[in-house]
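Please arrange chain Z on chain L, whose structure you already have, making use of the hints.
Order-wise, the sequence lines are chains L and Z.
Residue numbering for the first sequence follows the working numbering, beginning at 1 and increasing consecutively.
Residue numbering for the second sequence follows the working numbering, beginning at 1 and increasing consecutively.
None of these hints come from the bench; they were simulated from the model.
Please note that a few of the clues may not be correct.
Note: identical chains are not told apart, hence a pair may lie in one copy or across any two.
[Unchecked claim] List time: in silico DMTMM-like cross-link candidates among lysine to aspartate or glutamate, alpha-carbon distance up to 25 Å:
{"no.": "1", "residue 1": "K269", "residue 2": "E317"}
{"no.": "2", "residue 1": "K33", "residue 2": "E317"}
{"no.": "3", "residue 1": "K33", "residue 2": "D323"}
{"no.": "4", "residue 1": "K295", "residue 2": "D121"}
Chain residues, written in single-letter form:
2 protein chains.
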Amino acid sequence: MQNSVKLLGISNAIVDVLAHVDAAFLDKIGAPKGSMTLIDEARAHEIYDMMGPATEMSGGSVANTVAGFANLGGTAAYIGKVKDDQLGEIFQHDMRSLGVDVRLAPAADGSPTARCHVLIDDEGQRTMQTYLGACTELAVADVTPETVGNPAVILLEGYVWDIAEGPALAAAAIAIARANGSRVALSLSDSFCVERHRDAFHAAVKDGVDIVVADEDEVAALLQTKSHAGTMAALRGYDNLFAMTRSEKGSVIQWGEDVIEQPATPVAKIVDSTGAGDAYTAGFLFGLTQNRALKDCAELGTYCATRVIQQVGGRIEPGLLADFEASKKPT
Amino acid sequence: MQNSVKLLGISNAIVDVLAHVDAAFLDKIGAPKGSMTLIDEARAHEIYDMMGPATEMSGGSVANTVAGFANLGGTAAYIGKVKDDQLGEIFQHDMRSLGVDVRLAPAADGSPTARCHVLIDDEGQRTMQTYLGACTELAVADVTPETVGNPAVILLEGYVWDIAEGPALAAAAIAIARANGSRVALSLSDSFCVERHRDAFHAAVKDGVDIVVADEDEVAALLQTKSHAGTMAALRGYDNLFAMTRSEKGSVIQWGEDVIEQPATPVAKIVDSTGAGDAYTAGFLFGLTQNRALKDCAELGTYCATRVIQQVGGRIEPGLLADFEASKKPT
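Excised from the complex, chain L in its bound form (with noise of 0.2 Å):
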């Protein structure tokens, strides 16, 4: 059995090439703004090599939100699958060097790590383009008691379902949670992800997922509701614990009856809005983890998303919560 952590993410190890471009070039490879496409190798090549220097670094949505509770003072763990390369050794290395227990090990042979060209444009938005590479093989052999262990919370995301055996792990994941009392969480991941898998999200989500994290896009596309407050009305059918983002409008946790409407904080100006909804889940997640009320679960995981949103790069830094705290004791 593993060391006991309060966290296991389970999800696709990618990282992330950044580059700047303009909208002539999002035309020219046909990616509508703010979307994510999954592309083959041979694919990845042609627009890598059309883009502009570029900035490599870590990420994933899931990886991110592990990275994000490591860097709160959570202990983590964390299973995806890199390869035996140098992007893979990177990917470890920044996972790894939070103290995050990287389960694990780089695979010798398959395909190539993962990556996702990050195109921002000059309005800061980001269109992203992703080689699934070695995630692909993620298989339902690598989830198993030994990898899991008991972990408070299991996270699992939406885009793990569009690899071949993810549907087969996830399940996985849910009857070692089972067995072992852990619970379960489920990111949505984007909202198109949603309708390619919304039968299997809503089974897992009637039985096996315990917290489900997405912003409300997602949600509606998950109930295939039209507006905040069909999607309200809709929630009140589930027993599930939904902590679901709204950009400026905030925050909403609802859990059978409660529910609770967190504004969000308005800031001066948002720099990179990249990365939000993932520390919003850590900060969240984490508060869970140390049994904090609810309220004080979405103002924590409200101050991680304020303060990702004003600096470039999606990843809480470490001191986080102690500025949290000091911002909630009286003056």
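This is chain Z only, laid out in the frame that chain L set:
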């Protein structure tokens, strides 16, 4: 024969691995603040294992100058050795994406692509630990009339003398320049590098090198002078064109009887001083290859350096030349 370009850089091809550290970290690895130390592969792994999460981007002093020269609109080419690995692909991509003619194919075997661990402390100062890897395999055989062609200027960096065949390949480049009518510029890299190779640099400056680009500490190390006045007096004994940067004191261009003192442009806040010298060199050499007056070359170099210290990262962005020209128009 290669396409004719204005600038050919010959240097160490390096990917920077940037991470924030505290002062205790520098003590722990025994690195003097602000220093550049050459390390072997085992030590590189050791230091990387101790570092926090990092960001990767193409670097290297003369490579930065070549990239900046291309972004100013100049035609440029590059000779430097990477391996056929992911970091090598990143380095060559970043150069090619700027239109730089990359003249060596990645090596199929040998050491991995070089990386420089850039440790950024709380004051924003950078301490560098460099693993030269594939750079050490750059050979005389790579510097031929075919790979060099007949650029207006060949720019060598002092760090090339740190590699086994460096002195010989520099001599080969100088011989080709002489045959083809190219001018040879030498960047002195850093003052410790000058200490390591003073006699060789001195011989090259006396015979073969036309232009010396360096900061004042490096020139003082070369000439073994102790004061600005001493350096200026010693320079009169040389017929080379010296472009000497002096941080906030600006720069001095000395060429025979011509001495131009170019003041620095005051800035409200230095965001990141990295690459200021490389950017100055890009602007200065760009002006020179356009046959601009020396005063104008110094102004453009200063403009480039001033821009670069107000941004994160050491490379000149596109569009700078237009801003420079606009800044010179009478209002």
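The hints, checked one at a time:
Taking the shortest alpha-carbon separations for K269 and E317, both the intra-copy value of 19 Å and the inter-copy value of 23 Å come in at or below 25 Å. For a Cα distance limit of 25 Å, the shortest separation of K33 from E317 across copies, 23 Å, qualifies, whereas the shortest one inside one copy, 28 Å, does not. When the C-alpha separation of K33 and D323 is checked against a cutoff of 25 Å, the pair qualifies neither within a copy, at 35 Å, nor between copies, at 29 Å. In the homo-oligomer, the alpha carbons of K295 and D121 never lie at most 25 Å apart, since the shortest distance is 36 Å inside one protomer and 37 Å across protomers.
Comparing the model with each numbered hint stated earlier shows that hints 3 and 4 do not hold.
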